[in-house]
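Q: Those protein sequences? They're chains G and Z, same order as listed. The numbering used here puts the last residue of the first sequence at 150; the count rises by one with no breaks. The numbering used here puts the last residue of the second sequence at 1409; the count rises by one with no breaks.
Any given hint could turn out to be false.
[Stated by the list, open to error] Selected chain G positions facing chain Z (in silico; Cβ < 7 Å):
{"id": "1", "residue": "Gly37"}
{"id": "2", "residue": "Ile40"}
{"id": "3", "residue": "Val59"}
{"id": "4", "residue": "Arg62"}
{"id": "5", "residue": "Lys71"}
{"id": "6", "residue": "Ser72"}
{"id": "7", "residue": "Ile74"}
{"id": "8", "residue": "Gly76"}
{"id": "9", "residue": "Lys91"}
{"id": "10", "residue": "Cys95"}
{"id": "11", "residue": "Tyr96"}
{"id": "12", "residue": "Thr97"}
{"id": "13", "residue": "Ile99"}
{"id": "14", "residue": "Leu100"}
{"id": "15", "residue": "Val101"}
{"id": "16", "residue": "Pro103"}
The set of hints was computed from the structure by calculation and includes no laboratory data. No residue lacks a Cβ here, since even glycine has one placed at the ideal position from N, Cα and C.
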Amino acid sequence: MKRVTVHEEWCLGCHLCEYNCAYANSGIPDMVKALKGKRIFPRIKVEDGGTPGSVTFAVSCRHCPDPICVKSCISGALSKRGGAVTVDRSKCVGCYTCILVCPFGAISTDGDGAVLKCELCLSNGAGTPACAAGCPNGALTVEDIDIPEG
Amino acid sequence: MKTYVIIGGGVAAVGCVEGIRSVDKGARIVLIAGEGRLPYCRPLISYYLEGKTDFEKMKYRPEDFYTENSVEVVYDTAVSVDPASRTVALGGGGTVKYDAVCLATGSRPFVPPIPGLENVTRKFGFMTEEDAIALDGAIYPGCRVLIVGAGLIGLKCAEGLCGRAGSITVCDLAPRVLSSILDGTASSLMQACLEEHGVRFMLGDTAESFLPGVARMKSGVDVAFDVLVLAVGVRANVSLAKDAGCEVGRGIAVDTHMRTTVAGIYAAGDCVEAEDASGGGRRVMAIMPNAVIGGRCAGVNMAGGDGTFDSAVPMNAIGFFGLHALTAGTYEGELYEEKGERTLRRFYVKDGYLSGFMLIGAVDRAGIYTSLIRNRIPLDTVDFEALRKAPSMRGFSSEYRREHMEGWK
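Work the whole structure out from these sequences, hints included.
A: Next comes the structure, spelled out in structure tokens:
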């Protein structure tokens, strides 16, 4: 199973992962058309302190071994299969219970009802997590590990 | 081969199946579902009224979940549990022997004894798919709806009916809406949002008697209506447990392993009362996450594993017309508040821990706060001042991030 590993000491705070995430999940082949002039809703978000020299890092779903979001989902839209926590947006009613329980704040919305989260680029055509693939300083890497099913 | 019996067809039962199967792949599992349907997502019935979901999507697990997990689903009701012979008697006749049983019997609507209620023809509860189907069929353009109860169920019902009825009036004896989870200021924000969409409120007032087509209110006012919805509250279904000799308060008493006081009998879901990890004492915390997690814990232990559920807290995510209110814990201790025009953020701090919060309008990443409560994280180990302004993982130490966030170096 793939997992995105965060190396916070290498994060430059460039936010490139956010753009690559939004692009990978846009379904639009051209990056400029996908992003230019649009408000983006990346599933990975860089936390920075807003001051030079402060620690920065990107946060996205950790695909927890025992995901509380899945257990808390009131619509059965969140599930964990094959190591990745995914959301069935046709079942999600946007109640935000998952937002209420995710201990890392890794689930977000685009204001359109259903929630958004990292699905490891398994179903969007990128093939491998786009955030890590495009990280210029190795702050996000993809590891292949055995994650026990929760 | 062992036999595990689950009484109740809600989401706690599904959690229990998953818990049992995580330990014992071969045991016989009998699920007694009284509603005559597979476990579904009850809170979604208001979305069904709005046309935003359907019964197929509302199934909590796909149908093949039950075959994949070799669950024998019996559409019947359990009438008694005998701990001496370890048998469950079924309403349709016959008994099932068990090695361990989980009571996942849920709750039922409380119907207040209001004079004249028996003569109201179009009256409905709002809890089950049956209720939703019946109410859906009774609504017609122009009809006047009266909802008794301004709690989570009554208000979600009001939202679900908005635009489909001539008028919607909600009354409640409490002076504010959502009084079980919000205080005055917070309630007003949610009330205003519903009022903007045409819902009318009569608070501090309730139906005292019914005449044909009319509710006579405590205040003396008469309210004419065509359809009545009763959403006054719910009561835990405890009678099976009580008759079996289990200790029962407002709910079935369970420990952190979801054991009742009688050997071999476990319980989970809306029917139980347990210790509130946010310091609220023993109480019924009838919310779906607790049902699923508690059910799973019960299942693990029934099958001989070692499961603990000691982090149950009251919490709610509710929203109307895009305005969301996320709450958790107990509202005790020192209050920190930030107010915006349509937002409110309140935090309660007691003995160095976050005991509860209320967020309205600005709810992003609220789970970071919930984790402070559920995991009993001392606030002097985090930058709480920064966290109050905006939830972040920066507010935690890098050691915490490394330790708790999988794949973090």
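Q: Hint compliance check: list the failing hint numbers for this structure, sorted ascending.
A: 1 and 2
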